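Participant: Listed below, chain by chain, are the residues.
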Amino acid sequence: MTGMLDMDFIDFMDFSTLTHVVPPLATTLAALPALPIAGINWHSVLFLLFAGLACGFAIGVVAADNVVRMALYLVFSLGATAGLFFLAGAEFLGAMQLMIYVGGTLVLLVFGVMLTAQAPLVSIKPSSSDRTLTAVAGASLLSLLLTAAFSVDAWRGPGVGVVPAPSATPLGMALVGVRVDEPPAGTPVGGRVGYMLPFEIVSVHLLVVLVGAAYLARAKRRRTPRPIDALASAMPVEPVSTAATVAPTGRSAGGARSALVGGGR
Amino acid sequence: MVEFLIGLGLPGWVAWSIAALVAAVLLLNVIAGGALVFIWAERKIAARIQDRLGPTRTGGRFGWLQSLADGIKLLAKEDLMPEGADGLLFRLAPYVSFCASFCAFIALPFAFDVVGQRLNVGVFFVVAVLGLEVFGVILAGYASASKWSLFGAMREAAQVVSYEVPLGMCVVVPVMLAGTMDLVTIGEKQAGWMSSWFLFHDPFTFIIFWVYVTCAVASVNRAPFDLAEAESELVAGFHTEYSGLRWSFFFMAEYGSMFLVSGLAAVLFLGGWNGPVPVARLLGFSDGTGESAAYVVRLLGLANLMGKATLGVLFMMWIRWTLPRLRIDQVMTTCLKYCTPIAAVMFAGAMFWQLFLPGGLFPGWGRPAGEIREGWLEGPGGLPAAASPAEDRSSTVTGGEPFERTGLATRSPR
Amino acid sequence: MMGLVLAPAMVASLATCLATVPLFAVNPFTEPVGVVHYLFVGAVLFTAGIACMTLKRNALGILMGIELVLNGANINFVAFASPYLRAEGAPTLGLDGQVVALFVILLAAAEAAVALAITLNFYNNHATVDVDRADDLKG
Amino acid sequence: MPDLIEDDPRIIEFDVRTDEMLVNMGPQHPSTHGVLRLVLRTDGEIVSETEPHIGYLHRCAEKIGENLTPRQWIPYTDRLDYLAAMNMNLGWALTVEKLMRHEVGEKARHLRVLIAELNRISSHLVGMGAYGLDLGTFSPFLYAFRERERILDLFEEACGARLTYSYITVGGATADLPPGWLQRCEAFLDQFEPIIKEYHALLTTNAIFVKRTAGIGVLSRAMAIDYGCSGPVLRGSGVDQDLRRDGESLYTGMYDGYAFEVAVQKEGRYPRDHSYPTVPSEAVLGDCWHRFFVRMLEVVQSMDLVRQAIDRYAACPEPLPEPLKLFEKLPVGDAYLETEAPKGQMGFYVVGNGTSIPWRVRARSSSFSNLSVTHELCRGCLIADVPAIVGSLDIVMGEIDR
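Chains as they are written, first to last, in the working numbering: chain W, 1 to 265; chain Z, 1 to 414; chain F, 1 to 139; chain Y, 1 to 402.
Rather than coming from a laboratory, the hints here were simulated on the basis of the structure.
Note that this is a predicted model, so its numbers are computed, not measured.
Be aware that a few hints might be false.
What the hints assert, rightly or not - Below, simulated DSS-like cross-link-like pairs (lysine-lysine); rule was C-alpha separation at most 25 Å, straight line:
| hint | chain 1 | residue 1 | chain 2 | residue 2 |
| --- | --- | --- | --- | --- |
| 1 | Y | Lys197 | Y | Lys266 |
| 2 | W | Lys125 | F | Lys138 |
| 3 | Z | Lys147 | Z | Lys77 |
| 4 | Y | Lys211 | Z | Lys337 |
| 5 | Y | Lys329 | Y | Lys98 |
| 6 | Y | Lys98 | Y | Lys266 |
Said to hold, decoys possible - Here are some of the chain Z residues that sit facing chain W, going by a computed Cβ distance under 10 Å:
| hint | residue |
| --- | --- |
| 7 | Asp86 |
| 8 | Leu92 |
| 9 | Leu119 |
| 10 | Val121 |
| 11 | Phe124 |
| 12 | Val127 |
| 13 | Val129 |
| 14 | Ile138 |
| 15 | Ala143 |
| 16 | Thr180 |
| 17 | Asp182 |
| 18 | Ile319 |
| 19 | Leu323 |
C-beta atoms are modelled at their ideal positions from N, C-alpha and C, and glycine is treated no differently.
Could you put together the complete structure from these sequences and hints?
Facilitator: Set out below in structure tokens:
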């Protein structure tokens, strides 16, 4: 992919009429190469933008105490990661990330947040010693990871930059078991396999999860009160007659009469 | 354009910035300007449906400046925030919604190659980004510190997540027929007369188009699926506590999404910028006849697609002012018990049709010869990839050659 | 007191990050970025995720930490798979990297659903999502 | 009546622990028909308890009535059920006439039938349109108002007012109908009759409308009687009662010689159902759909009555009697009379003590009793059903709070 700036739809336009307007502007702007940002590489700048967003919001997730804000920061972090995927030429993965992670998983998370969104539960603050320990452990881990990352010289040089984006087709073909992408030099043709079996396994796995989710959300009658119900009734809130506990006789004819009955007669 | 700017002596990064800015502003205008027009249209249509006149005075005739006046009123309105609201999230939510709606336009082609960024996963991208709009709504509902807003947000979350499933299935059918997720190629595959539209490809696609319409209306929260803002139940749902400009961002996002799903329907099923009559071809223009001819072809295509998308939006308005609202459990039933199974069956049906009768109902009828290309299936005997306008980058990575080797996929969809 | 303990840790962390800057060997404004840039982002996300998992007492927070960890790993896979980020002709993971990342995303979605189910059941039984109170099995 | 508590899938408990929420619906809410406040106790979307809070529109109307002469109080009756002010006027006028044992002539009688039934049409039109609004469709509301405007035009011609008429008064009516009024009224009826089909297409038979109303808020026959429901709410539950036929002779006498069939389902069918949409299979007697349908039938019934009244009125040669004097002395004694207003049985009670100002005035409004069933009907329903149920009761806060 050539970066997000390849605006195809203005490429075909004929701008020759603008020629007499633009040159003065152009000469002004042409002076700018003297500045250090002259040969700016937009692909890299966008990378910096997305990388900054991803890292910043990831740290935001750690720093935030409110669980909804954490979820929001996570959304932004994952969204920026999708941007990184696009920049790395993995368009299908980027869209997948947006669709499943950001769109699906996080809605699920927000669901959970909403279901548990009681004032005392929204922010459960970790203790300060926990924070300290985490900061120390995190810093050590980060240094370890970065040391490892920078220890390979071949990874540190600049990449080739912008080349045409690959299609999603080879990815799809690989998932059904056929490799159509160009193998790197020296790879035996038989050495590259498709992903038919893992794909099937994942499919079945997802199906199982689907069934599990349906099982979780299934409707059922509760015969014995849960501990939480006892807890709730012990609280000094006025007792609540939930729909399921309403006695059937309450609806029968001549049963409970409203205090409003009688009217103004 | 970039080349032109560079040719004027501008440094490359300035040229790129200007090009990007022009594109972004154009897209922004599609949403903002579109919203202005559609709000006005909605008022006029609603009025006509209801035996009223609607706005008549603002701007002289027909009240055509009414939405601008509304916009100015909204700008001048006091911006309120409830006391218990989560300030950051409350302020952020409308922009999240709007950005999602806006971002999805990046990959929507308005005519052949008139697209913000041509992605080879275009369909997927649009659907994925469209699903992000729900975040703004959830945040708004949560941050407003209002129970009605929370109800609206939860409804929206449940509804949009559910409807993404059948919507995805519907969208996959044209992808399957075209053999690509690239929206530009999908549109171009339907070139020619109306008969080559995927809508009329086979009976299954015809039915699945209507499933798509249902799901699209539901996923952009329009009546009869406007549960999230059901005014008779939830006051105004997720935007109960919003006013002024922030509220109008939600509104713009809604109209942007309406236009987007209509445009997507047009590209996927209604031939995109092609048909019902190949005007450009009948007039003797084609991409091959020079620069200005290509320009005309694209302009015609642009008008064509905009017209179709607008028709789609008008259709949504029509049903909004006609039908009562469904209840939330009925909305979910519609999705899970009707739309999803129908979409699944239609998907399977379209698949088998494509397998056994790949030409569709009207094979080759009225279709321009040799104009529909699909790079990676053409094989070595096909047109050279570089000469083919309907495919660009994809061909450089995957030529036809590997298929020769694997002996697969030599069947052309035609 | 708290600050006294926390400050060195913060400084150490910051210093680690800053110390890596000269290692990039690429001016990110003018030259194409390389694999190591992606690895850096991946490392930060991974660390943030681990920190989230250790720090948060909210079960949902831990879940979010897991998502971050998986994403950090994913970034690495994509980076190694991408032909753009390596020198011309250098071997990449190619499709395999993308496919693995794809499976990670899918499994993460499944994992999130299961984890959410566990969380909800925990909430049902304990009326809280504070994992520190899940000590029923303590001897 | 099916046992909704046990078998309704919507009120089964789910495995996910959720919290109850106390929500105020109203007094400023788009679909509570004025300033009704409903306190909902909800579990997610499911409403476990609904408690109506009333009194936001209390204006001491009855107390004011004890300081004014009956004719002076007529404008206050306008503001009880302001959508059917003529029927309110009529109820009060008849009650005072009952106390005074005053008989109005034939001509006034037919005029009153004509006006009251016309107002019943307009009231039901508002009820129908607003019900559409409650269910989220806006257009039928304006269609209904389009026709109501024409009725209001007619009323304006007759009495000069469009909402609070004070037209029917003790001893007759304030003025006779202007010349040409009857023709215009007939023209309106001729134009209106075919339009009713449109309402049926947009609402009664609309699939979504049926889904939203059929089987929702089922009010059993016994419960309707227990709670003192009246009007279309009572008849929607299959109770064959209409005060125009079953009321006191003073009131039924007004309808002497008029042919009409009470709009109630008997032996599984409605009168006139040959020309009307059939009852959908999902509908249960006593649900929102039936209450709505009874109103629609009553519109037709009232049109019939108006036509009959026009003929009879035109056939009366004598002039309209002058109404009683403003300060006419009331006899010692009391009188209570219920009339069939569009919303149900509207009762007035007056105690005279020999002066021209009554000693006590009371009103018994149908909406009050009809509203009192909400907490029964809304138990276990969804939030979206609350407006559907309350809307189908077609209450007017003006007469509840008085």
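Participant: Does Z:Asp86 pass the interface hint, meaning its C-beta sits closer than 10 Å to a C-beta of chain W?
Facilitator: Given a least distance of 7 Å, the restraint on Z:Asp86 holds.
Participant: Is the interface hint for Z:Asp182 satisfied, with its Cβ closer than 10 Å to some Cβ of chain W?
Facilitator: The hint holds - Z:Asp182 has a Cβ within 10 Å of chain W, the shortest such distance being about 8 Å.
Participant: Holds or violated: is the Cβ of Z:Val127 closer than 10 Å to a Cβ in chain W?
Facilitator: Holds: closest Cβ of chain W sits about 7 Å from Z:Val127, inside 10 Å.
Participant: Under 10 Å is the threshold here; is the Cβ of Z:Ala143 close enough to any Cβ of chain W for the hint to stand?
Facilitator: holds (8 Å)
Participant: Should the hint that Z:Thr180 touches chain W count as held when the rule is a Cβ pair under 10 Å?
Facilitator: holds (7 Å)
Participant: Hey, Y:Lys329 versus Y:Lys98, does the alpha-carbon distance stay inside 25 Å?
Facilitator: Given pair Y:Lys329, Y:Lys98 holds - Cα atoms ~14 Å apart, limit 25 Å.
Participant: Has the given pair, Y:Lys98 with Y:Lys266, been kept, meaning a C-alpha gap of at most 25 Å?
Facilitator: violated (33 Å)
Participant: Hint validation: Z:Leu119 versus chain W, beta carbon distance must be below 10 Å. Holds or violated?
Facilitator: holds (6 Å)
Participant: Let's test the interface hint: is any C-beta of chain W closer than 10 Å to that of Z:Ile319?
Facilitator: violated (26 Å)
Participant: Taking the least C-beta to C-beta distance, is Z:Val121 closer than 10 Å to chain W?
Facilitator: Check passed: Cβ of Z:Val121 comes within 5 Å of chain W, closer than 10 Å.
Participant: Under 10 Å is the threshold here; is the Cβ of Z:Leu92 close enough to any Cβ of chain W for the hint to stand?
Facilitator: holds (8 Å)
Participant: Tell me if the straight-line CA distance from Y:Lys211 to Z:Lys337 falls inside 25 Å.
Facilitator: Holds, at about 15 Å.
The structure shown violates the earlier hints numbered 6, 18 and 19.
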